[in-house]
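Peer 1: Chains as they are written, first to last, in the numbering used here: chain W, 233 to 828; chain H, 1003 to 1192.
Keep in mind that the hints were calculated from the coordinates and are not lab data.
It is possible that part of the hints are untrue.
[Claimed, not checked] Per label pair, the in silico range of CB-to-CB distance:
#, chain 1, residue 1, chain 2, residue 2, range
1, W, Y739, H, G1050, 32 to 42 Å
2, W, D527, H, T1077, 40 to 50 Å
3, H, A1128, W, S352, 44 to 54 Å
4, W, P427, H, Q1065, 15 to 25 Å
[Said to hold, decoys possible] Just so you have them, the derived chain H footprint on chain W, three or more residues with Cβ under 8 Å:
#, stretch
5, 356-365
6, 633-643
7, 743-755
None of these values were measured; they are calculated from a predicted model.
Beta carbons are placed, not taken as given, at the ideal position from N, Cα and C, and that holds for glycine.
Residue strings, one per chain:
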Amino acid sequence: MNARTTSESGPREMTGAEMVVQALKDNGVKHIFGYPGGAVLPIYDELFQQDDIEHILVRHEQGAGHAAEGYARSTGKPGVVLVTSGPGATNVVTALQDALMDSIPLVCITGQVPTSLIGSDAFQECDTVGITRPCTKHNWLVKDVNQLAAILHEAFHVATTGRPGPVVVDIPKDVQFGKGIYVPPQTAPRTSYQPRVQGDLDKIREAVALMASARQPIIYTGGGVINSGPEAGHLLRELVELTGFPITSTLMGLGAYPASGKNWLGMLGMHGTYEANMAMHDCDVMLCIGARFDDRITGRVNAFSPNSKKIHIDIDPSSINKNVRVDVPIIGDVGRVLEDLVRLWRATVKPDKKALYPWWEQIARWRARDSLAFKNSDDVIMPQYAIQRLYELTKDRDVFVTTEVGQHQMWAAQHYHFEKPNRWMTSGGLGTMGYGLPAALGVQIAHPDALVIDIAGDASVQMTIQEMSTAVQYEAPIKIFILNNQYMGMVRQWQQLLHGNRLSHSYTEAMPDFVLLAQAYGAHGIRCDKPADLDAAIQEMIDVKKPVIFDCRVAALANCFPMIPSGKAHNEMLLPDEATDEAVANAIDAKGRELV
Amino acid sequence: MSAHLQPTGSAYFIARETERPETHTLSVLVDNEPGVLARVIGLFSGRGYNIESLTVSETEHEQRLSRITVVTRGTPHVLEQIKHQLERLVPVHRVVDLSVRAVELGQGKPLARELALVKVAGTGEARVEALRLAEAFRAKVIDANTEHFIFEITGAVAKIEQFIAIMRPLGLVEICRTGVAAMNRGPQGM
């Protein structure tokens, strides 16, 4: 074979660094997020000499990882990260674990010291594949340039198929310089990796029969619906319409079913709505779609939905029966399984929606408790009110929302309402403070004309604030909407609940002036501390065609309710109007304090 | 309604374990590539599973497949999770719980054998006794001088344990064991 004469797309000789860029192009990559360093310079040199792929230079590798996550979640495409060896690789570890826990497809390319120096404690050497082994779906150290192209294609395949996740390809510098034969992507994945996508029809029939017999059913959905793609979202809406079942969702699944839909109960779990959690507890049939019975969802496991038959659709067999025993497990891609489920339901079930009336009446009584209510104020901005106003003033736009982690994240989930999937980017599994700002940057790069808002807390945002500089450089007009209460709010809330209100190190005494900080970065700063001024200030934030840091001064000691306190069941929620100081102090018993 | 539900203490999953732990032998067929053993071992340590014995070697040279035999202990629920978690690893082809399969096949337990090298030093009465007992256990002498023997013994784990226990007062110096190799009885493969 004369490799040199074959066409552009066929096998041909090139350097490892050229292969990296070619493989990115062949896998449809338009943007990558990265930071150069000694061990990746050959790849950066190749990037310099082409225009097809745009490189976004971050200020810290963790930012590159979260930006790629935001990019991936908002587009459904894999996010790509390029970092150097040693500290470059270790800095991206948080984002890799975050992507692993939330099933986000990331391809992370790391430089490595030359193969001859591996193991010699060389400058900027670390055992990248060793360090990232438990926080990736799979990883590779490429020692032969002739295997590089195939490994890169396999990396994209593994990251994006089955249950998506992050992968790392570690490329020593001599492999980047070395010459070898490039092969284009081909559809011959290794035989050991064959994710199952089609559900077992017998099990789906069983599920349909169980659902048809239900009198108090509930659909509980998660991020798997969004990962499965837009078709899964359409099918979910069709299924809800056909069955008339109430539907709730995890934090990760918000937007798969529209919040304006009449069957929507709101989010469930630790800070979910009363109606969603009570319906979960009292249901007779639970249909779990692409969610994983996480501990923030179930509350006390041995009191979790005690009288229901449970159906669980998931692409990952290890999610089945992991935390909660289910009666009908269906392993497969949510979209494919829902297609069969909807078809079989249409063919075999005569829906009797009247049979569900008593259940809906019960739900209406729970809903009447108005569990998201809060006492508003004319003097200080209540954080919930800030989110409500933000929602009202932005909902009719092409809007994407990211968050950091803490109280503001829960208030955003409760009071900002999503109509479409892929519009809500938050760190659910790992709970990474500092996720939201770089994630917003990634979203804005993918959607340059959209309104991208990071609903942030004053503590979280400082963990990755340096990426404001990136946003300014790339003219990405992200809006950082900080609910500033000067506390690590959720830490303070738990200290109040669990530790006698001894607020150990949860107050930030030296807070930066966020308006001046914005100006220092070349962004626009806004401060607001009066409810009456809030709407105009939010409007200014929307109208400014620059990155904005919005310092929204909110009530300092507000707590996030409703809440399932530690060690309690779904039907033992603490509601805002019952959350007196005494109730809060006694919400968790001594044993709970020990174990949380 | 909630009065009878006594708090167990945490929103984290800390349910009291009601199932009894069992010892199972798993066969794991993997691509023989760098790091594959680290992935398997890391999964066990990272998720808090036990490894009682681990054996690994390439068994299909042309396809570059290795067979890993793991003896592990856990409740049936944990054992099921271990199997699923192993199957998630990209280079893993198949995972068979040989203990579960043996029960399905009506065989009680899978066949399991281990090899041990046992060095015993001594003279006089103890030396004669060691050799006599080794013959009773069908252990082979693979090295000796006037002051020591090295025995090679193959058999079920219990037999090796027993042999070692007997050799201990007779001048046991050191032991090396391979870990368990196991498969199910009958004509079918894994």
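Peer 1: Now, for every hint given, state plainly whether the structure supports it.
Peer 2: Structure-based check of all given hints:
1. W/Y739 - H/G1050: 32 to 42 Å: holds, 36 Å
2. W/D527 - H/T1077: 40 to 50 Å: For H/T1077 against W/D527, whose Cβ atoms are near 19 Å apart, the range 40 to 50 Å is violated.
3. H/A1128 - W/S352: 44 to 54 Å: Given about 50 Å between the Cβ atoms, the range holds.
4. W/P427 - H/Q1065: 15 to 25 Å: holds, 21 Å
5. 356-365: n = 3 at 8 Å, threshold three: holds.
6. 633-643: violated (count 0)
7. 743-755: That given contact is violated, which follows from only 0 residues of the stretch 743-755 of chain W lying within Cβ reach (below 8 Å) of chain H.
Violation of the numbered hints given earlier is confined to hints 2, 6, 7; the remaining hints are satisfied by the structure.
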